[in-house]
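Q: Residues per chain are reported as follows:
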Amino acid sequence: MRDVAIIGAGQTKFARTEWPLVDLLVEGTRTALADVRIDETLIQSVLVANMGAGMLNHQSGVASAVVDALGIFPAHAELVENGPASGASAVKLGFLGIAAGYYDIVLVVGGEKMRAVTGWESTDFVATLTHPVAEYIYGITLPSMAGLFARLYMDKYGITPEHLAMVAIKNHDNAMLNPVAHIQQPITMEGILHRPEAVVNNPIVADPLRLFDCCPVSDGAAGLVLCAADRAKEFCEKPVLVAGIGQATDTQVLHEREDPTDLKAVRLASEQAFRMAGVRPSDVDVAELHDAFTILEIAESEHAGFFEKGTGHRAIERGETRIGGKLPINPSGGLKARGHPVGATGIAQLVELVFQLRGDAGDRQVKDARVGYACNFGGFGNNVLATILKKG
Amino acid sequence: MNELEATLRPKETVQPPYPAKRIVLASGESMIVRQATREEVPGLLEALEPLLWVERDYYDIVGARTFAELLGWKRYRVRDEYCLVGILDGMLVGLVNGRSLSRNIGISLHTLALRRGLRIGAHLFAAKMEYHIEYLNQKEVYIVAESPIGFRRWMIEYSLEERPHVHHELGGVISYALTRPLYFDSKDRLVVGERPVSDEMLASTFDFEIPEPDMLITQVSGRPE
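Protein chains in written order, with our numbering: chain A, 2 to 393; chain B, 40 to 264.
Just so you know, the hints here were simulated from the structure itself, not pulled from any lab data.
There's no promise every hint is true.
[Claimed, not checked] Here are the simulated distance ranges between beta carbons:
| id | chain 1 | residue 1 | chain 2 | residue 2 | range |
| --- | --- | --- | --- | --- | --- |
| 1 | B | Thr76 | A | Val200 | 23 to 33 Å |
| 2 | B | Asp253 | A | His77 | 37 to 47 Å |
| 3 | A | Ile138 | B | Glu51 | 53 to 63 Å |
Ideal Cβ placement from N, Cα and C applies to all residues, glycine included.
The shape of chain A in the complex, shown without the other chains (with noise of 0.2 Å):
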């Protein structure tokens, strides 16, 4: 296999917009392309990352869309669409074509545009990645789903809310030094939880998770240029390689899995990716990791082998996923307050990191990043992907 590097990144901001959905694909591709110089031409493939675009924006065929719009022919286009996780897995198949040697230049693209319908209709269409049978008809939404896992997760472990809290204020003060995150609110544990006015600012949503537990439906696109690693230099100064890809899938029906609260695809994702780029979970500088409700990144913190079982939420309260901290967890603000436009969240987690190794993050730089690492989770947890890159 030879080895992949990413040699442009970039991520348009998420937030609400009134661009269509292939424009907003078209300008996160062009983010990417304006960070390295490269002549369009010689994109051979074009993967889109998009979960909704039938559902939301009564669209198909959006990759062939997007090749035309920036003009690119004749190169070749395919949607991948596997749910939240629609970003990593359209990385892994542009890394799978270059390590194959079938191709050299891979543009990624994801994006989604989910405000165009209410929030309900957005819940609803998240939803529909859940059993149609035993779990979507009787009304379950991915915040409740989330809600029945935190409840099991906090009375196992002695999780508070209070530390769900801490997950929330970190993102967003993160997101605060993250010009393109959705959410640039910095939030108290006062006004979210001690104060009585917490009742309001911070309403349940699906107990135990309160609104500020749950990520902001988003809008946006990110984009990565893949390439072969050994004509990386000639496009860019600063490649940042493609080390591991893990990746593994678990019951789509959450109460059929032993125990719910084991993140059995996370775990063995992880793994896989940690074995196949030769690092350790000790040896990762930076990660980004899915955390669509504040538990999340605590459960997917210690399965990716970062804190052991049932002491993430420990490693929170000492400061130790802050910025500056032993292991910083989401400094781009994470799902939670950088936002989660659900095709675009993979690639843009791993556009972070490519900043971040390359030592481009600006007020948010983690200092001395030569290992990053990145989780997407799609389903709840059925379908998982871990992505490890190195410095170049």
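Let chain A serve as the given structure and place chain B on it in line with the hints.
A: Below, chain B alone, put in the same frame as chain A:
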């Protein structure tokens, strides 16, 4: 006042004032909610003007109607109207208005958050309901929504009752009503704030600033397109 003006000007009922309160927001910042005066209306109109062209989330229609209602209040053409404002660090961040239809019936007019993401609209709407039920001592408040956000926030969060035979003065749809029992059922989870507000804190809310138009449009509608 000449005779014609006296004919055009509705008689006003003396209403009890709304006592100011302090609400700590998710950010930890304190918002003061207090009753606005007629003299402050020009500043409020200036703040609303940029919203008249913001279609997103119906800010245009809510902004335009609130503009007209406040103008009507300033020029003495609406009976028994009031306005509550939210002030944060000396900046206007939201306003609500309403009026009394009769001694027992309140009319909810509009709710406008000028800064988003901190549930300012929810706090201000709750303050408005608090005024009608607890200070004006009315039996119920008639409410309609012009935006899906408003409908979700008010009709569903407060479990409002339908009033199929009441046509709200804002439009042709049927009205909903907040009754006293509904209000007190919801009060613990929806109505918050501390009183009294110190004189010093209250004084800091006079001569408030209004958001810069560009900043306001960005705040309410996301980034300018």
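Q: Next, verify each hint and record whether it holds.
A: Taking the hints in turn, this is what the structure says about them:
Take Thr76/B and Val200/A: their Cβ atoms lie about 31 Å apart, and the range 23 to 33 Å holds. At about 43 Å, the beta-carbon gap between Asp253/B and His77/A stays in the expected band of 37 to 47 Å. Take Ile138/A and Glu51/B: their Cβ atoms lie about 57 Å apart, and the range 53 to 63 Å holds.
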